[in-house]
Amino acid sequence: MSVVTGNTAASATPAKSLAQRINWVKLAPWLYTIGLFVLWELLVIVLQTPPTILPAPSRVFQAIVQYWSPIWKNSLQTLYTTTVGFAIAVVAGLAIGLFIGWSKAIYAGLYPLMIGFNAIPKVALVPILVIWFGIGAVPAILTAFLISFFPIVVNVATGLATIEPETEDVLRALGAKKLDIMLKVGIPRSMPYFFGSLKVAITLAFVGSVVSETVASNYGLGNMMSSAQSQFNVPLVFAGLLMLAVEGIAMYALMAWIERRMTGWAHRSTMSQ
Amino acid sequence: MSHLVTIDNVDMRYGGAAGTLAVSGLTMKVGKGEFAAVVGPSGCGKSTLMKLVTGLHIPQSGVVIVADKQVTKPVSIVGMAFQNPTMLPWRTTLDNILLPLEIVERHRHRLRANKKEYVEKAEHLLETVGLKGFGSKFPWQLSGGMQQRANLCRALIHEPELLMLDEPFGALDAFTREELWCVIRDLHAAQGVTIVLVTHDLREATFLADRIFVMSARPGKVLKEHTVPFARPRDLEVMYEKAFNDMVHELHGEIASARVVA
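For the protein sequence lines, the chains are A and B, in the order given.
Going by our numbering, 148 is the number at position 147 of the first sequence; the sequence numbering is gapless.
Going by our numbering, 149 is the number at position 95 of the second sequence; the sequence numbering is gapless.
Keep in mind that the hints are not guaranteed to be accurate.
Claimed, not checked - Below, a list of computed lysine-lysine pairs in the PhoX-like style, where the Cα atoms sit at most 25 Å apart:
1) Lys127/B - Lys105/A
2) Lys296/B - Lys278/B
3) Lys86/B - Lys186/B
4) Lys169/B - Lys178/A
5) Lys123/B - Lys178/A
Rather than coming from a laboratory, the hints here were simulated on the basis of the structure.
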């Protein structure tokens, strides 16, 4: 008996090879990203596509280095218009969401209006914004705001509108006013919806600002890409897209982090361990 | 015996003149300190009864009198507990239990200054229901039975004169349910609170109550009133006596025939 157990113990310890010590799940996003670029590069080599149609990633990175100064400035500009528009959307979305969720009558009256408004493609509003505010940062900020505030409103209002009737009964029987119920139950319970919607809203905000910059601005990644396109500088267009993707992922990660920090109780399965 | 709750010939219709009549000609009286149970076929207006007594609904005709006052708005001397514990997941169990104190007029202005006293009271209640030391846990870290115990604490924290229970043990397993029967039995004995328990479980009603009201199918009214003869304090063993089973059997028969009529 003792010989057998000694044997298994001895063979178990050194067996952990390099492949087992690596945390593949943590590494996976990086590996897949690298894989995508490798595949892309191979595709370009095999199909021999000219860089004016589909530049290889190596050409795109080369363009990033070559045009680093304008890319850097325009990226910051886009990040600025997006975050300002997004910040306004957060404040306005929270306020309007609370207002709409407040009563059934307001909800019923304003909701169709909101849907109709959201159905309008925001790119169609850019010309109007240009007439009102001229070209530049203001229409970009406003487009980012207009496109990203809707999911915030809907989510906050939903959080408020779905309070369990029993909870409301218990509190109302104690003499709670509408304001009490909103403050004690409605608002805290809509917070997970709110923070969840920020992840959707921030990516939409990038769509808004870039659309507006493309049509009506002399700055920003949208403008940079459209002028690069007119000069057939396709690698630079792709460099712009890559920067947008990087900014989008970074902001999304920030929102996801804020969500986890603020509403840990809603992710109870991970917290109870 | 003075009556804490008097319901006299009450009609309650939902959704306007053509809506469903939930209760009709409902009359019942519950004495101060009494433990009353309401049983009946499903859809007999038991939940309507809860809402009428707590003032969440005002009847179209007839009067509801609670503590010598006609009910025209929510009465804050009531504590309520439902089958769904409805604990707020972002608050600790202790903060959940303290919630009614943030609402009820006579406590909300004193809460901040006398926090310590109230917390002690909440912890004492937790101890009574067997949840000592769980106050700092979040409700979702507790089992269903523990949440329901905490729910009872929340219903009792503002020292209500009347406790309204709507099938509070319906979702629990048989053993947990029996444990909680004993908890509520002891609370009733110790605090002298009047309790109205709405339930589908006839054994539960017979074990806990002093008086049982049998309701008809919709529109609900009281068909029969039973006085439960078993002496207090009752032990769970009482449920295995013949008299107990006979009573449950009789109640069962009455509800079965009320269902057929509907």
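Right, here's what the structure says about each hint:
no., hint, verdict
1, Lys127/B - Lys105/A, "21 Å, holds"
2, Lys296/B - Lys278/B, "21 Å, holds"
3, Lys86/B - Lys186/B, "30 Å, violated"
4, Lys169/B - Lys178/A, "22 Å, holds"
5, Lys123/B - Lys178/A, "21 Å, holds"
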